[in-house]
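Visitor: Per the numbering used here, residue 1 is the first one in the sequence shown, and the count goes up by one each step.
Calculated directly from the structure, the hints in this document are not laboratory data.
There's no promise every hint is true.
Straight-line C-alpha distance at most 25 Å; calculated BS3-like pairs for lysine-lysine [to be verified]:
# : residue 1 : residue 2
1 : Lys138    : Lys310
2 : Lys539    : Lys517
3 : Lys363    : Lys310
4 : Lys186    : Lys299
5 : Lys138    : Lys186
6 : Lys207    : Lys140
7 : Lys9      : Lys41
8 : Lys310    : Lys333
Label pairs and their in silico Cβ distance ranges [said to hold, decoys possible]:
#  : residue 1 : residue 2 : range
9  : Gln288    : Asn438    : 22 to 32 Å
10 : Leu133    : Tyr30     : 15 to 25 Å
11 : Gln288    : Glu519    : 45 to 55 Å
12 : Gly317    : Arg598    : 46 to 56 Å
13 : Glu91     : Val19     : 16 to 26 Å
Please read these numbers as outputs of a predicted model, since none were measured by experiment.
Just so you know, even glycine gets a beta-carbon here, dropped at the ideal spot from N, CA and C.
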Amino acid sequence: MAEQELQLKYSRALNLSEVESKQDHESEPYRSKYAARELLKELKAVVGRRAQAGDSEDEHAEERRSQDGRWLQKLGVLELQLGLNHAETEELSAGEEHLAKCVRVLEAFRSSPEAVSVFIQAENQLGILWAALEEMEKAKTYLEDAEALYNQYTKEIGTPPWDTHEHFLAEEERLSEQERHKRFEKVYTHTLYYLAQVYKHLDMNEKAAWYCHTTLQRQLQFSHYNPVEWAINAATLSQYYITKQRYMEGRLCLAASKVIFNQVGAVSLESPAEESEEERDRRDQLQQKKAEIARCWIKYCLNLLQDSRKLLENDIGELDWDRQEELKTQLRKEEEENEQGRKSAVLFGSSDTFDLIQSVEEKVSCTYPVDFMQAREVFLVGQNYVQEAKEFFQLDDHVTDHIEVVQDHSALFKALAFFEEDYERRCRMHKRRIDMLNAVYTELNPHYYLLVCRQLQFEIGDTYYEMMELKVSIANQLDELDSHNVKKINHLAQSAITYYSLFLDSLKNSDKKFPEKLEADVMRPALVAKFRIGWLYSKVITSDQKLQLDNMQQSVDCYRFVVDYCNSHPEAAKAMEAELELCVEMATLLPARMEKLRSRLAPFN
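Put together the whole structure using the sequences plus the hints.
Guide: In structure tokens, the structure reads:
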């Protein structure tokens, strides 16, 4: 077979595999792939015969490889293409066999300009294949070798290497050095991308984040990216940085995500008058991705507020003024010393996008808010993204997602309330939380959304509980407790009891009996609910001594329940360590107080 015929056949196989296969009917999804495979086999038979001397394993093998390397390199390309073909038709074992053969055939040429790119691509594909089989250590070995080879080649040789398909192109059709460089860098970017996935699966999260970040940088640098995919990957990476309190990097990823996503143009919520099903699906997908990025922004703002609270709160959950001053001083010092150095290491984009990304970053801080005004600025950014997310995640079509967004909105108010010094204004924030949570709770059928209902019941109960504590604190500052405040405190206490009780009732079995052993995910919430119901009954204000006695009995029952359960379940005692001591104390003290109250009531009975 003449050289020109080889080139034409290879070109035909490539067209079948990469172009015509996209048009295959669903009844024969691999028709074109199989046709391409037959052509590749024919080519391999011809090239294999010509490379046979160079591929044999005897004392003269190296000499023959040197003389006949061109055919061995072509054979390596064909083994790579056959490996890809089998992998794409879900025949992984055969795919692995061809890819491994490619690596063996090209081992002697791995550092040559003609073969290095093909070799790295084969190792990339072996990495993907073994990862798909959940053999992560094998995948890591191949991908790390590909990375090392790229670094060695660029350091020691540096010449832009041949692209895979150039081995079957006439000399005058071969690529320019600039195009070769661009394609080789794309191959290496894939290596880094696959390494990021493997490291993530191996729980090497710091390494995975670095490789993901580097991949995103390189995709922008070489303009090899899909804007929507890139934006989602950057937003996802931001969530890792947030969990590590690296808010500068998290904000950068989110700002870049927003800018790159906007390259697809405005995403309309309204359906045009004439819109095909395909166009509608694409518009829906874009709306969803935009909403998902908005949710990542919400998490950024929420976590920034919550982490700031952890640094600032004292033992009773209030703002510690000394810590506030210390944090202000620390943040000023860090901002002056570290920001520029850290930022230069993580920048995204080129001159085209840098200014746009920076303008988005400037809309929200990446340092911990230390007072109400700073916290409010972060809160407002988060609240804007709540509205953006809810435009797509509406209750009718996306129940779970909508509720999670509402819960995050509630959590934003809760985080902001910590910074508010005025208790009345803080109460109003918690009231907003109750209103938004109740609005979705009343729409749900517990039969279908039991777990979500439990979450909402507990959170609404928790919010009423916080409001009641605030109202008690306000009342304690008054010279005299008036009937209005008494009614308010009692109403909040009863409301909290109601929702905590709904939560506890949802845990009962079909016979309406409470389980002897609570599931791990509800054990602490259930025991906390019991503990708080006990505490709430003790805070109900009434002049009716019989009612006082009934309320005290309710408290004792709740405290004893917690004590008895913890005595029977050591894991519960550990989880409830903070509350258990008080439960034991109150379960002992309250009966004595009740006896005194009964003795006072006895003459009137």
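Visitor: Are Gln288 and Asn438 spaced within 22 to 32 Å by their CB atoms?
Guide: holds (27 Å)
Visitor: Can you confirm whether the C-alpha distance between Lys9 and Lys41 stays at or below 25 Å?
Guide: holds (11 Å)
Visitor: Can you let me know if the beta-carbon spacing of Glu91 and Val19 is within 16 to 26 Å?
Guide: holds (21 Å)
Visitor: A range of 15 to 25 Å was offered for this pair. Does it hold for the Cβ distance of Leu133 and Tyr30?
Guide: holds (20 Å)
Visitor: Taking the Cβ atom of Gln288 and the Cβ atom of Glu519, is their distance within the range 45 to 55 Å?
Guide: Hint violated: Cβ distance 32 Å, outside 45 to 55 Å.
Visitor: Against the 25 Å threshold, does the CA-CA distance of Lys539 and Lys517 hold or violate the hint?
Guide: Not OK: Lys539 and Lys517 at ~29 Å, beyond 25 Å, violated.
Visitor: Do Gly317 and Arg598 keep their Cβ atoms within the hinted range of 46 to 56 Å?
Guide: violated (36 Å)
Visitor: Check whether the Cα positions of Lys138 and Lys310 lie no farther apart than 25 Å.
Guide: violated (42 Å)
Visitor: Does Lys363 pair with Lys310 here, judged by a C-alpha cut-off of 25 Å?
Guide: The given pair, whose Cα atoms are some 24 Å apart, holds under the 25 Å limit.
Visitor: Is it true that the CA of Lys186 sits at most 25 Å from the CA of Lys299?
Guide: violated (32 Å)
Visitor: Check the hint pairing Lys207 with Lys140 against an upper bound of 25 Å on the C-alpha distance.
Guide: Distance ~12 Å between Lys207 and Lys140 Cα, so the pair holds.
Visitor: Run the distance test for Lys310 versus Lys333: straight-line Cα separation, threshold 25 Å.
Guide: Holds. Lys310 to Lys333 sits at ~20 Å (cutoff 25 Å).
Of the numbered hints given earlier, the model fails hints 1, 2, 4, 11, 12; all others are met.
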